[in-house]
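**Student:** Letter by letter, the chains look like this.
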Amino acid sequence: MLEILLDATVRAGTPILFATLGAIINERAGIINLGIEGLMLIGALAGFAATQASGSLLIGVLAAFVAALLAGSIHAFITVPLRGNQIVSGLALTMFGIGITALFGRSMVGLTISGFERVAIPGLSQLPIIGKAFFNQDLLIYFSFLLVVAIGFFFYRTRWGLALRTVGENPAAADTCGVPVTLARFLAVTIGSGIVGIGGAYLSLATTPMWIENMTAGRGWIAVALVIFASWSSYRALAGAYLFGGITAMQLRFQAMGTTVSVHILQMMPYFFTILVLVISTIRLQKGSSQQPENLGQPYDREDRK
Amino acid sequence: MKKFVLLALALMLILPQFAATTEANDKKIKAGFIYVGPVGDAGWTYAHDQGRKAMEALPFVGPSTYIESVPEGAESARVITGLVRKGHNLVFTTSFGYMDATLDVAKRNKDVIFMHCSGYKSAENVGNYFGRMYEPRYLSGIVAGKMTKSDILGYVAAFPIPEVIRGINAFTLGVQSVNPKAQVRVVWTQTWFDPGIERDAADSLLDVGADVLAMHQDAPATLQAAEARGAYVIGYNSDMRSFAPNAFLTAPVWNWGPLYSKIAQEVKDGTWKSEAIWAGMEQELVQLAPLNDKVPAEVKRLVEEKTAAIKSGELHPFAGPIKDQNGEVQVAAGSVAADGDLLGMNYFVEGVQGTIPK
Numbered sequence: 120m121l122e123i124l125l126d127a128t129v130r131a132g133t134p135i136l137f138a139t140l141g142a143i144i145n146e147r148a149g150i151i152n153l154g155i156e157g158l159m160l161i162g163a164l165a166g167f168a169a170t171q172a173s174g175s176l177l178i179g180v181l182a183a184f185v186a187a188l189l190a191g192s193i194h195a196f197i198t199v200p201l202r203g204n205q206i207v208s209g210l211a212l213t214m215f216g217i218g219i220t221a222l223f224g225r226s227m228v229g230l231t232i233s234g235f236e237r238v239a240i241p242g243l244s245q246l247p248i249i250g251k252a253f254f255n256q257d258l259l260i261y262f263s264f265l266l267v268v269a270i271g272f273f274f275y276r277t278r279w280g281l282a283l284r285t286v287g288e289n290p291a292a293a294d295t296c297g298v299p300v301t302l303a304r305f306l307a308v309t310i311g312s313g314i315v316g317i318g319g320a321y322l323s324l325a326t327t328p329m330w331i332e333n334m335t336a337g338r339g340w341i342a343v344a345l346v347i348f349a350s351w352s353s354y355r356a357l358a359g360a361y362l363f364g365g366i367t368a369m370q371l372r373f374q375a376m377g378t379t380v381s382v383h384i385l386q387m388m389p390y391f392f393t394i395l396v397l398v399i400s401t402i403r404l405q406k407g408s409s410q411q412p413e414n415l416g417q418p419y420d421r422e423d424r425k
Numbered sequence: 238m239k240k241f242v243l244l245a246l247a248l249m250l251i252l253p254q255f256a257a258t259t260e261a262n263d264k265k266i267k268a269g270f271i272y273v274g275p276v277g278d279a280g281w282t283y284a285h286d287q288g289r290k291a292m293e294a295l296p297f298v299g300p301s302t303y304i305e306s307v308p309e310g311a312e313s314a315r316v317i318t319g320l321v322r323k324g325h326n327l328v329f330t331t332s333f334g335y336m337d338a339t340l341d342v343a344k345r346n347k348d349v350i351f352m353h354c355s356g357y358k359s360a361e362n363v364g365n366y367f368g369r370m371y372e373p374r375y376l377s378g379i380v381a382g383k384m385t386k387s388d389i390l391g392y393v394a395a396f397p398i399p400e401v402i403r404g405i406n407a408f409t410l411g412v413q414s415v416n417p418k419a420q421v422r423v424v425w426t427q428t429w430f431d432p433g434i435e436r437d438a439a440d441s442l443l444d445v446g447a448d449v450l451a452m453h454q455d456a457p458a459t460l461q462a463a464e465a466r467g468a469y470v471i472g473y474n475s476d477m478r479s480f481a482p483n484a485f486l487t488a489p490v491w492n493w494g495p496l497y498s499k500i501a502q503e504v505k506d507g508t509w510k511s512e513a514i515w516a517g518m519e520q521e522l523v524q525l526a527p528l529n530d531k532v533p534a535e536v537k538r539l540v541e542e543k544t545a546a547i548k549s550g551e552l553h554p555f556a557g558p559i560k561d562q563n564g565e566v567q568v569a570a571g572s573v574a575a576d577g578d579l580l581g582m583n584y585f586v587e588g589v590q591g592t593i594p595k
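Read top to bottom, the protein sequences are chains U and L.
All residue numbers for the first sequence refer to the working numbering, where the first residue is 120 and numbers rise by one.
All residue numbers for the second sequence refer to the working numbering, where the first residue is 238 and numbers rise by one.
Worth flagging that the hints you see were computed from the coordinates, not collected in a lab.
Keep in mind that the hints are not guaranteed to be accurate.
A short, non-exhaustive set of chain U residues, derived as facing chain L with CB atoms under 7 Å [stated by the list, open to error]: (1) 131; (2) 225; (3) 292; (4) 332; (5) 377.
Just so it is clear, CB atoms sit at the ideal spot from N, CA and C, and this is done for glycine as well.
One chain only, chain L, in its complex shape (with noise of 0.2 Å):
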């Protein structure tokens, strides 16, 4: 008897963790967002914060969770972990400094899926994620290069990374594609987000003749700076057109909702599998934004013809031959730059007036 007792207690406290896991099979997809930077920055997190509440109109997706301006680095780790503690089953990490945090904590935890942002390293659990935003960035190039009047372009750049270096290749091909004559200049911040230096930068560009500015940082201050002296100015992370409303030409954009629905359909049909995702306009997840109406319509037109050759492949912004700054070929006639070489981008193409920090 005391035995039978025992024997039903062991079961009680068994049975609901097994009432718990076949529930957890058609339970709803709870995801959690790590976010580097503030949802308010109206740049790079508020683009993913979009895609977010994208995923999150999915009927099968449960209401969804972002901690945000966590720090890169270790320290992320336990920020993850308390995500999938809570329960939540897919996790998007979204900033490169956060890779190691992520493969750490999905090796202990089995179960759930995790997605993570701009790096390049995976594992059985862990899928990788990132979109080809040079091809916008030579479609803006294409606009700029129209553009100018001084056939002096400045870039507010923020650090000489590969990803920002072929940002501004690609923007630089672009440019040279409709107007050789033109040269870009190069204004280095070492920094994502300081509005006042950004601003600054923009200002010392300006200063030496520049009329069209395009920038890859998180806040919008480049913007102010075209608006305040009558330049253009070409945006970027999401539209931004509210802040610059004469100045601003167009941007190449992020679109993460597409992907992140896809993403929670895989999962919740049971399809998903590890891969590196490296998408790029074909499938939406790069922009244009709408160019403004003070661009002629026979720009519009060339924009909308490249757009479609970008899209069906025919057209590769690092299509050869391409010369660096000392006139060394990088990429020969009639090749295509590979995916490994544009991912360790470390060289400045001809076109490009500035050095890339040692």
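With the rest of the complex left out, here is chain U (with noise of 0.2 Å):
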């Protein structure tokens, strides 16, 4: 039961992980996005549309990443060098998301292909418990492995990383050391955004291969909500992903199981351990050891420099 459950914790959780870290890079460079929900949803149509054209799946996770990489160029263009609210322009592409996958979406619905396939990795496949959970995946789910430990290598382990991290915390320090604020900021939100885009592609592709409209049903949402539990590393990105996912999978199954726990107890748990995560992440906060980079929602404008 328990490997039948961690299995079904990883599925749940990886469209929340990539969203989860696509939005860490982009608040990284101290640019907030709201708009992840929408971003999700044009991944999740461009993935499942150029699959249905091409055949390949391969190319529609790269549909979606570079549909949403230029989805995400919009709010990159409005917040970076034109220094607009970040709040107001993310929350305009979440809506602007909405709006243009159903759009473009009508002639997508009904349509199948065939999705990401299970693909044991030898050997480790067969370690008990943990075997079929992390080894026996898809191929998006190792990419999001892949992607946890690169992310968490580039921002504390290459150079690039450290500037990037020092124009989220400090841009005019970096201004000062030669690191080009705005290209930075520019390529980590439309970067960011591209991979938020393979978090929706893993719902038309992966999870139920096929287009619906709306079919992210809000998990952008607990993205955003996750980038603070995470507090901004993709190493716990990844526990609070699996959480979220884990708790879900795991209210489900006790009702399939039969158990006379109150259903509403059981599905309060997500709820309830998301404010539990809030409260810890703000006490953390009033104690000053927060993560949260410095200038996070800030425009930087080398004009205003003091």
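These two chains come separately, so use the hints to put the complex back together.
**Tutor:** Laid out in structure tokens, this is it:
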């Protein structure tokens, strides 16, 4: 049972994980992106449409990345060079994503593709308990593992990562050191958005290989909250996404097993944990040990340097 | 002279209004629809939209309008009023939560006819309509009960409201009529529409050994879960076999076209009057989608027999004796559950494993 539960946890958590990772890259550079839900939808539709047309899942994933990257560049353009309000621009991006995917997705409804299949990693997939959950999954899940490590490595072990973190913490200092702040922020927002798009594509290519309007059903907003839970770390993002996925998977399985625990208590759990997590992170914030980028949400203008 | 000019001017102002009203009488029917979801949901709203298109094909019905994804509740009154202002003379509001808003707008627009789906209130110019979905659900239970090998059936259910509970019970009674050993396990998703959660709920039922799934959701995710795991599945809302060509057995489906066409005809003829329509298989408002070829011929024959029996009124899925989960008799032997009891159903029949959240 534990094995099945872990497996379901990973599968339910993966779309949220991609979205959270993308959002972390945005916020590390100091740009809040509330367009995650819209970007996920754009990724989901682009991924499905491209796979439908080409028959290749790889092309689908690439299309999702590129489409969300392009959509994210709108947010980047407004917030970075134009220094517009990040909250407003992000919300607009979500509405834009919901609308445009509904419009262009019309002809995709009811079509089918064959989605991602499980690929067992020889040896490792035989491990007890964790074998099935972590080493007998589809390629996108393996990619998400790599991405978690790669992002962690990038931010804490490379010069470019340090530069990008500085852009989020203190862009004036970064600028003084010769870091191209505008370019760095622009790249962080667009590439982060592209990764969010892959999260959406996971839903339309792996979880349920189809396109339905608004199929992300609010997962983008969970990702926005998980960024705070993860305190802007890719490893804690993995933990957060799996915690959320795991609680959802668990309450459904408790019901299927016919437990007599009240359904209401079971269904309360994900939200209970969300509140708990927010309380803990707020306490940490007050103690001053928060990892929140110092300059998050602030537009940068060289002329305004003090 | 001055007075005459004034009178002429006044007449000129008033006359076009008369002209407009006389014209309205032989004007085509201009229907408007309010949908709760997107027409691309492949389910509930999609089925209504098919009905709208069927009605539009009638010669005396002009191009109709629909507004999709309208939030339920007081907000919807504005959208309904908007349709009325644009000259729609027949308005369909197709979700439970539009009930009060529909009545509210209808009170102020007596010349417009409103039809509200799945509610229980009506007025002089507001009728309500719904279908006896439990009839084809019972039949789909017969198919499921015959096809299961593990004698465990899974049911992915949205919200614990009478409509859904009635469906689960009808399905279970159908299952038990051919396979008394079989049990139906229920998982509540607490959402009408979230493909990810629906898929996971379906997987969780397959994990505990269910080999035939049924569902009351708006997305076809349950079908994909069954297809991926080599199980069977019963759809809902519309014929969704393209999502699960191997797993799909059949589906209880909505067929709004004939009803919508009939209402349009009545409005045109001036014979329309406010009533509460709760039509079933006899009127073809609800149907069972064609069975998969994997269903053995004897089961097909049985389903055909039972279909005929339901249509003729000989068979009622909720004919007694019916016991609830605690073994208490809810419908006595020899009697049939009254419509009022069906509409307010809040217990599970014997054979369902699961609880109704209170």
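**Student:** Give a verdict on every hint.
**Tutor:** Verification of the supplied hints:
1. 131: This hint holds: residue 131/U lies near chain L, its Cβ roughly 6 Å from the closest one there, short of 7 Å.
2. 225: 6 Å, holds
3. 292: 42 Å, violated
4. 332: 4 Å, holds
5. 377: 5 Å, holds
Hint check: a violation occurs at hint 3 only; the rest are consistent with the structure.
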